[in-house]
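Colleague: Sequence lines, in order, name chains X and L.
No gaps in the numbering here: position 122 of the first sequence is 127 in our numbering, and each next residue is one more.
No gaps in the numbering here: position 125 of the second sequence is 150 in our numbering, and each next residue is one more.
These are calculated hints, taken from the structure and not from any lab test.
One thing to keep in mind: the hints can contain errors.
Stated by the list, open to error - Within a straight-line C-alpha distance of at most 20 Å, the following computed SDA-like cross-link-like pairs (lysine to any residue) qualify:
1. X:205 / L:307
2. X:182 / X:213
3. X:321 / X:56
4. X:40 / X:108
5. X:240 / X:177
6. L:185 / X:290
7. X:240 / X:265
8. X:270 / X:287
9. X:240 / L:295
10. X:96 / L:265
11. X:235 / L:265
12. X:235 / L:295
13. X:240 / L:26
14. X:84 / X:344
15. X:152 / X:292
16. X:348 / X:80
17. X:348 / X:133
18. X:59 / L:152
19. X:96 / X:131
20. X:235 / L:299
21. X:235 / L:305
22. X:240 / L:30
23. X:202 / L:305
24. X:235 / L:304
25. X:96 / L:152
26. X:367 / X:63
27. X:235 / L:307
28. L:185 / L:172
29. L:185 / X:292
30. X:182 / X:268
31. X:202 / X:215
32. X:96 / X:194
33. X:240 / L:28
34. X:270 / L:172
35. X:235 / L:302
As the structure is a prediction and not an experimental result, all values here were calculated from the model.
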Amino acid sequence: MDKTAKGLSRRTVLSGAAAVGLAGVARAQAPGEIKVGLIVPLSGIYTRPGQVMKMGAEMGIEHINAQGGIKALGGAKLKLVVIDCGDTTEKAKNAAQRIVAQEPDLVAATGSYLSSFTLAVTEVTERAELPVLTLSYSDLLTDRGFKYIFQTAATASRQSELGLPTLMKLAENASGKKPKTVAMLMDNTATSVATAKALKEKLFAQEGLQLVVEEVWTPPLSDATPLIQKVRSAKPDLLLFMPNAVSDAKLGLEKISEFGLGQGKIPTVSFSITIAEPDMLQSVSPETVQGIMTIVANWGSKGHEALIAELKAKYKEPWMTQNVISTYGDMWLMKEALEKAGKADRNAVAQAFRTMDAGPSKYYPGGQLKFDEKGRRVDAGVVIVQWQSGAPVTVYPPELAQAQPFWPKKP
Amino acid sequence: MEAFLQALAAGLLIGAVYGLMCVGLGLIFGVMRVINFAHGDFMMLGMYTAFYLFTAAGVQAMFGNTVGPFISILLAGPVLAVFGYFVHRTLISHVSGTRIASLEGEGHYAQLILTLGIALILQNGGLIVFGSVLASIRTPLSSSAWELVPFFDISIFLNKARSIDAIVSLAIMILLSLLITRTRIGKSLRAAADNPTAATYMGIDVDRAHRTAFALGCGITAIAGGLLATNYPFHPFVGLEYVIVMYAGVVLGGMGSIIGAFWGGMTIGLVQQMSTLILPTQLQNAAIFAVFLLIIFFRPQGFFGRMVERT
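Use the sequences and the hints to build the structure in full.
Modeller: As C-alpha cells, this is what we get:
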C-alpha cells in the first residue's frame with residue numbers, strides 16, 4: 006500500500022501530466038475543427054450586405070463539411086467564426102483586433118464588404134499575419150505592399166477597363182451608333198472614386214467619350230433633384246450612375262423617371278452591385294429599373310443554378326448577388342489552400358494562397374485561382390448584369406450569360 | 026434659370042417636411058426643456074408604423090397606392106403619440122418636470138443618458154424586430170411629377186409625392202398652431218413652458234402638460250417621418266441621419282419656438298438644395314452647417330429667439 010502511494014506521488018503524477026500534455030499536442034496536430042473568420046457588418050446601415058455574405062459563408066462551410074471536410078487534415082471540419090465590423094472604419098478596425106486576439110487559431114478570414122472597412126481591417130490582420138480574402142474593389146487594398154491580403158475581385162480600375170469597352174460595343178451593336186457624350190454621377194466612397202479615376206484618366210478618351218456632367222455626392226442623398234437636373238440640361242448619350250446605397254439609387258432612379266429621362270431615354274449604367282440588390286425591388290417599381298446595366302465583380306450566373314435554388318429555398322433570397330457567391334467561393338478557396346498547406350497554420354495557408362495555381366475558377370468570373378505578387382487574382386474578370394423584367398440577369402460574359410443583353414432604345 | 030427654379034421648388038418641398046420634423050422636436054424642447062436624443066428613432070418607429078399600417082394592416086388593399094400611403098402616415102401619428110405618452114410616463118417623467126429639483130444639473134445629465142439609452146434600444150431593437158432589409162412606402166407618386174411651364178422654354182417638375190408631403194406638412198403645422206393658440210390644452214402647454222412653478226400655482230398639471238407635449242412631439246415627427254418615407258427607403262438606423270438636421274433646424278429657428286423650428290427646417294431644405302447651384306453636390310451638407318454657423322453668428326438666439334415667442 007505504502008509503496009504504491011509513494012510511487013503515485015512523483016513518477017506517476019509526472020508521467021500522467023506528460024501524457025496529458027502530449028495528448029494536447031496530438032490534438033493540435035490533427036485538429037477536428039479548423040476556424041475560418043468572417044469579418045462583416047452585422048449592425049448599422051450595412052447590416053444587410055453583411056448578412057448576405059454570412060449566408061454565402063454558411064452555405065460554403067456546409068457544403069465543404071458535407072463533402073468530407075479538409076482531406077489533407079484527416080477530414081477536419083471547417084468552423085465559421087463571425088464578427089461584426091459595424092458601420093464605421095473605427096469599429097471595423099476594433100473588430101479585427103478583437104478577432105485576432107480572441108481567436109489565435111484562426112487560419113484565414115474574409116470580409117469586409119466596403120473597401121474602406123477592408124482597408125481598416127487588413128491594417129490589423131496584416132500585422133497578425135492572418136490571410137484575408139476580400140471581394141472589395143479598391144485598388145488601394147493591394148497597392149500597399151501587404152502580404153496577407155488576397156483580392157478575388159477585379160480591382161475597381163480594372164473593372165472599368167474591362168467593362169466600359171464592352172458596354173460601348175453593346176451600345177453600338179444594338180443602336181447602330183456609339184455614344185459620344187457621357188454624364189457621370191457618383192458618390193464619394195472609395196470604390197466609386199477608384200472607378201471614376203480610371204474612367205477619367207484613360208477610358209473616356211480611349212472610347213471617344215466626352216464627359217459633359219460630373220457630380221459627386223456624399224451619401225446618403227436627401228434628394229436627387231440637383232443631380233438629375235444637370236443631366237436633364239446636358240442631355241448626354243450615356244449616364245453613368247454610381248450609387249453605393251440603395252436609398253441613393255432609389256432617389257436617383259425615381260428622379261430620372263420623374264424628369265422623363267427613364268425607360269431608355271438616357272441609357273443608364275452603374276458600376277456597383279447596389280443597383281441590382283434585391284432591396285431595390287422593395288423600393289422601386291420594376292419599370293423604373295428595366296434595362297439598367299451594372300458592371301460588377303461577380304454574380305450568380307450560368308452554372309450556379311443549384312446554388313441559386315438552394316439560396317432561394319433556404320434564405321428566401323430571390324437571386325444571388327456578388328456578396329453571396331464570392332463569400333461562398335472564398336470558403337472553397339480557403340479549403341483549397343488548407344489542402345495545399347497540409348496544416349492548420351495561418352502562415353502556411355497564406356503561403357498556399359501565394360503559390361496556388363488551381364486553374365479556372367468556378368465561383369469567380371474569368372481568370373485563374375492564382376494570385377499575383379500584389380495579391381490580386383490573376384485575370385479576374387467582370388460580369389455585366391442587366392435588369393430584365395424585374396430581375397437582374399447576367400448578360401456578359403457570354404459563357405456565364407443567362408440572357409441576351411438589350412440596349413435601351415428611345416421609345 | 027431653370028436650374029434655379031427647380032432647386033427652389035425642390036428646396037421648398039423638402040424643407041416643408043424637414044420643418045415638420047423639427048417642429049416635433051421643438052415642441053418637446055420648448056415645453057419640457059428636455060433634449061431628446063431619441064427623437065430620430067421615434068421618427069424611425071413612425072416610418073415603420075406607417076409602413077406596416079400600409080402593407081400589413083390592409084390600408085393598401087382598401088385605399089390603393091395613391092391615397093393609401095397618406096392615410097397610413099396620418100394614422101401612424103396617433104399611434105406614436107400614444108407610444109410617446111407611455112415612454113414619458115414610464116421613463117422621461119422620472120428625470121424631468123417637477124422631479125428635476127432632486128437631480129444633479131437640473132436633471133440634464135440624466136435626461137441625456139436616458140434619451141441616448143432609449144435611442145440605442147430603439148435602433149438595435151428595430152434591427153431585431155424589423156430586420157436590416159430596407160423598407161419603403163411605395164407609391165407611384167414618388168416617381169412622377171407635375172410639370173409647370175412658367176415660361177416658354179422652362180419647365181419645372183414638382184414631384185407628386187413630395188408636393189403632397191409639403192401640403193400635409195403645412196396643414197398639420199396650421200392645425201398645431203390653432204391647437205396651441207386657441208385651445209385649453211394649448212394654453213396649459215404654453216403656461217407649463219413659460220413658468221412651470223406659476224403654472225402649478227394656477228392649478229395646471231405641469232407633468233400632464235409635459236406628457237401631452239411629448240406625445241404630440243412624437244406624433245408629429247412620426248408623420249414627418251412617414252411623409253419622408255414616401256421617397257426615402259429607410260432602415261432601423263435612419264434616425265441617426267436626420268437627428269442632426271432636426272437639431273440644426275430647432276437651433277436655427279430659436280430654441281423653444283415652434284414656428285421657428287418650422288422655418289429652421291425649411292431653411293435647411295432650401296440651403297441643401299440651392300447650395301448645389303454654386304457648390305459641388307458633395308458639399309451639400311457642409312453648406313447647411315456653414316449657413317447654420319453664419320446665422321448663429323449674427324443671431325445667436327436663432328430666427329425666432331425666445332424673446333419673440335415661446336411656446
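Colleague: Would you mind marking each hint as holding or not holding in the structure?
Modeller: So, going through the hints one by one against the coordinates:
no. : hint          : in the structure
1   : X:205 / L:307 : holds (18 Å)
2   : X:182 / X:213 : holds (12 Å)
3   : X:321 / X:56  : holds (13 Å)
4   : X:40 / X:108  : holds (8 Å)
5   : X:240 / X:177 : holds (18 Å)
6   : L:185 / X:290 : holds (16 Å)
7   : X:240 / X:265 : holds (12 Å)
8   : X:270 / X:287 : violated (24 Å)
9   : X:240 / L:295 : violated (26 Å)
10  : X:96 / L:265  : holds (17 Å)
11  : X:235 / L:265 : violated (29 Å)
12  : X:235 / L:295 : holds (18 Å)
13  : X:240 / L:26  : holds (17 Å)
14  : X:84 / X:344  : holds (15 Å)
15  : X:152 / X:292 : violated (46 Å)
16  : X:348 / X:80  : holds (12 Å)
17  : X:348 / X:133 : holds (18 Å)
18  : X:59 / L:152  : holds (16 Å)
19  : X:96 / X:131  : holds (17 Å)
20  : X:235 / L:299 : holds (13 Å)
21  : X:235 / L:305 : holds (12 Å)
22  : X:240 / L:30  : holds (19 Å)
23  : X:202 / L:305 : holds (17 Å)
24  : X:235 / L:304 : holds (13 Å)
25  : X:96 / L:152  : holds (18 Å)
26  : X:367 / X:63  : holds (18 Å)
27  : X:235 / L:307 : holds (14 Å)
28  : L:185 / L:172 : holds (10 Å)
29  : L:185 / X:292 : holds (18 Å)
30  : X:182 / X:268 : holds (19 Å)
31  : X:202 / X:215 : holds (15 Å)
32  : X:96 / X:194  : holds (17 Å)
33  : X:240 / L:28  : holds (14 Å)
34  : X:270 / L:172 : holds (18 Å)
35  : X:235 / L:302 : holds (10 Å)
Violation of the numbered hints given earlier is confined to hints 8, 9, 11, 15; the remaining hints are satisfied by the structure.
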